[in-house]
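Colleague: Please construct the entire structure, taking both the sequences and the accompanying hints into account.
Residue numbers for the sequence shown, in this note's numbering: 26 to 348.
Calculated from the structure, these hints are not laboratory results.
Fair warning: there could be bad hints in the mix.
The calculated label-pair distances, taken between Cβ atoms and stated as ranges, are [stated by the list, open to error]:
#1 E177 x G224: 25 to 31 Å
#2 T66 x R180: 20 to 26 Å
#3 Q102 x R193: 43 to 49 Å
#4 R313 x G224: 15 to 21 Å
#5 Q80 x R107: 17 to 23 Å
#6 E187 x V297: 19 to 25 Å
#7 T288 x Q312: 16 to 22 Å
#8 P54 x R110: 26 to 32 Å
#9 T66 x G224: 27 to 33 Å
All C-beta atoms in this analysis are idealised placements derived from N, C-alpha and C, irrespective of residue type, glycine included.
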Amino acid sequence: MNILLWHVHGSWTTSFVHGKHRYLIPATPDRGPYGLGRARTYTWPESAAEVSPEQLRTADVDVVILQRPEEIDLAEQWLGRRPGRDLPAVYVEHNTPKDGQVPNSRHPMADRDDLLVAHVTAFNELFWDTGTTRTTVVDHGIVAPTAAWTGELDRLAVVINEPVRRWRVTGTDLLPRFAEIAPLDVFGMKVAGLAEHLGLPADRLTSHDDVPQHRMHAELARRRAYLHLCRWTSLGLSLIEAMTMGMPVVALATTEAAMAVPTGANALSTRVDTLLSAAGRFVAEPQRAREAGAEARAAARERYGLDRFLTDWDRLLEEEVCG
26 MNILLWHVHG SWTTSFVHGK HRYLIPATPD RGPYGLGRAR TYTWPESAAE VSPEQLRTAD
86 VDVVILQRPE EIDLAEQWLG RRPGRDLPAV YVEHNTPKDG QVPNSRHPMA DRDDLLVAHV
146 TAFNELFWDT GTTRTTVVDH GIVAPTAAWT GELDRLAVVI NEPVRRWRVT GTDLLPRFAE
206 IAPLDVFGMK VAGLAEHLGL PADRLTSHDD VPQHRMHAEL ARRRAYLHLC RWTSLGLSLI
266 EAMTMGMPVV ALATTEAAMA VPTGANALST RVDTLLSAAG RFVAEPQRAR EAGAEARAAA
326 RERYGLDRFL TDWDRLLEEE VCG
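Modeller: This is the structure in structure tokens:
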């Protein structure tokens, strides 16, 4: 199939474009949010091709993958065809509702008969009210990192994008408590200056801003354990990647993380003191960390493999386009 989709979420799109189809990725001269084009810090196959808005007017498109409400009008403007009316459309919902109306949050695509909403977690499907619009869940799948956990550094790793702006949502306010247990390495977008913002000395928190994915994986794998302190986000793919590499996980038992992280050797709780104690044990006892990481790796590879993800999407797309 020829699939039109915007580059919105780099990790998810990386997995999606590893399928057997041709992927048309809008690119504009300013490389803005609606024309970002191909990824620069992720490895994508050649089947993910950049197209300009002008080229889309005559492009052969079988289905549109929507990820933001405004993309419906934008697609009609660029294609000359209305998604959902003139060609099939699937709306991928990546996020938990953040409108302050939970549990009564109405999805922007609610009560529509012209498209399908595909949630990336069952938690998201549960908490969004989509009315009469059809929904499904396609669980995440990842391109397995080539790095493997070694954990030789008694430091804790975190991956957060925009930790200052998102603050309590991503658990940024909790980081100083964990910095008392061990030094933190925080990877992600717009993490520069985070130690100063939190009032932490530079030797307790080091920022690694917008590091290419393969380099980030190699560095994460050297840290003793992975922290996932998000209160209210969808399931972070960096968490799954860390688990797949064999990293032990210390995670808040919120949203879909409660289903993703195995509850045995790994630490999963809504009590921060429990997670602090677990982080301390991983730092002090490398063998315990190794055992927890092995359990995390087995769980992640069973549930979040790329082949399963792409097979689920192929089935869904065939039903929408050919059904």
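Colleague: Each hint: holds or not?
Modeller: Checked hints:
1. E177 x G224: 25 to 31 Å: holds (29 Å)
2. T66 x R180: 20 to 26 Å: Once the Cβ atoms are compared, 22 Å apart, the range 20 to 26 Å for R180 and T66 holds.
3. Q102 x R193: 43 to 49 Å: violated (37 Å)
4. R313 x G224: 15 to 21 Å: violated (31 Å)
5. Q80 x R107: 17 to 23 Å: Taking Cβ atoms as reference, Q80 and R107 lie about 19 Å apart, which means the hint holds.
6. E187 x V297: 19 to 25 Å: holds (22 Å)
7. T288 x Q312: 16 to 22 Å: Holds, since T288 and Q312 (Cβ atoms, about 20 Å apart) stay within the stated range.
8. P54 x R110: 26 to 32 Å: holds (30 Å)
9. T66 x G224: 27 to 33 Å: Between T66 and G224, where Cβ atoms are some 30 Å apart, the hint holds.
Comparing the model with each earlier hint shows violations of hints 3 and 4; every other hint is respected.
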